[in-house]
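Participant: Heads up: the protein sequence lines correspond to chains A and B, in order.
Numbering-wise (our numbering), the first sequence opens with residue 1 and increments by one.
Numbering-wise (our numbering), the second sequence opens with residue 1 and increments by one.
Take the hints with a grain of salt, since some may be wrong.
Listed next, with one range per pair, are the computed distances between beta-carbon atoms [what the hints assert, rightly or not]: (1) L310/B - D87/A: 49 to 57 Å; (2) R70/B - G18/A: 21 to 29 Å; (3) D73/B - Q47/A: 45 to 53 Å; (4) R246/B - D101/A: 51 to 59 Å; (5) D87/A - G316/B: 52 to 60 Å; (6) R32/B - M71/A: 56 to 64 Å.
Calculated directly from the structure, the hints in this document are not laboratory data.
These numbers were taken from a predicted model, which means no experiment stands behind them.
Note that the Cβ used here is the ideal one computed from N, Cα and C, for glycine as well.
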Amino acid sequence: MAEEHKIRVLVAKPGLDGHDRGAKVIARALRDAGMEVIYTGIRQTPQMIVEAAIQEDADAILMSILSGAHMAIFPKVMDLLREQGVDDVLVVAGGILPDEDLPAIEALGIKGNFGPGTSTEEIIDFVRNNIHPSRLAGAAVTKDAASGQTEKAAQ
Amino acid sequence: MSTDIVERVLSGDRRALARMVTLIENEAPEARDYLARLYPQSGRAQIVGFTGSPGAGKSTLVTQVVRELRRRDLRIGVVAVDPSSPFTGGAILGDRIRMQELAGDPQVFIRSMASRGSLGGLAASTRDVARALDAAGYDVVIIETVGAGQAEVEIVRAAHTVLVVTVPGMGDDIQALKAGILEIADIFVVNKADRPGADQTAAELRMLLSLAGKQPKSAEVWRVPILKTSATLGAGIPELVDALFRHRAFLSESGQLTQRNQRQVRSEVLALLQHTLGQRLRSAVAEDEWQRLIDEVVERRANPYSVAELLARRVGLGDSKEDAVSSREGATSAS
């Protein structure tokens, strides 16, 4: 009964803008790609996002932000993750992110940084290919151990 | 800090608990051993199920109930189940949207689960996940089912107390609830009671319960309360929480808690056994042999019954009558 690793993604809208149509489109696309998407809704504080990611054991956090508050919020999220010892979660950003901020965002360890016009396929592939290897390694071990066990059972 | 995940869960480490839930959900091979070790520490929490139609306000109601339970200084675990897509296996788990005001309370642990193909309103591993939360020390563990219609009654096998949430204006739909969900309610909640028709809905439920013989006068039998709430306004919530505790006390005092636990354990062991047998069978029969057997049955050279019998023998389950006879004979010859 070896299970494939089911990718769990937290989609959150930090900050005060209430425009979550983009986030919903992405959530839906990730669902259609077979992922389990925990959608938190709008007006999420960095604390709420990190706490939800921990409780849900998310493989990835996707933040969509249009308000321009990204340089206030993103560093906070990354600090909190570090404080909690979470180092194996992919953090991806999207929304309106000015080019001049991208180096700083990437320096925080936030990847992707998808702007308007990005196709949902691109985001799906990016998430799939950038899940932290330790999370997938766990699944691979699980798989081997499971087939080992069933073999034993068959004997 | 201990590196053993079971120790960490028992000591209240939230990240370890979250990872444990993932292992349980994924049916990782080590998960059964972990669950076996957590089991002796479980059994203290009251497990409360919330079920009802989609849009009845379950998540909002759960949020309000958790707030009230927090006022009474209890630690709360929540497992919220939403459906997986039957086509892609993906899911959107949106219960957290309604539970935002609980975020940031370290005494509340919320986990969203996708149903992953199970049809009874829960995921296959929901009961085990609730057990992990129980063992981790949460006083009340709330399970919110997927939006349920008539037949999603799996929650009775997982919870001590089942709340069925309905809303005014469902009209004949309440009639439709008669056979399925009506029978599993320990507490009825008419939510959105600020809307017109709440009293009528409550009256209809009362009548249906009396028809079903569910409103006896005897103190030995639980009298299913029908409570009106408005989750968005926060009305009726303390009364609902009181009713939860009354039901818990009733179960203990009447001895029905033991009966309920025994029924649940029986069905759980049977389910585990079926699961194990299914696994053994899958590994004992290669796909080409399956195909050959299926072809034989389809072409009428064999029949489904004898093939099932053959496969049962393959996993070590011979004809039960023969076994019984031979074991009797063995006993006779030995004596």
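Participant: Which hints from the list above does the structure break, by number from lowest to highest?
Facilitator: Hint check: 3, 5, 6 fail, others pass.
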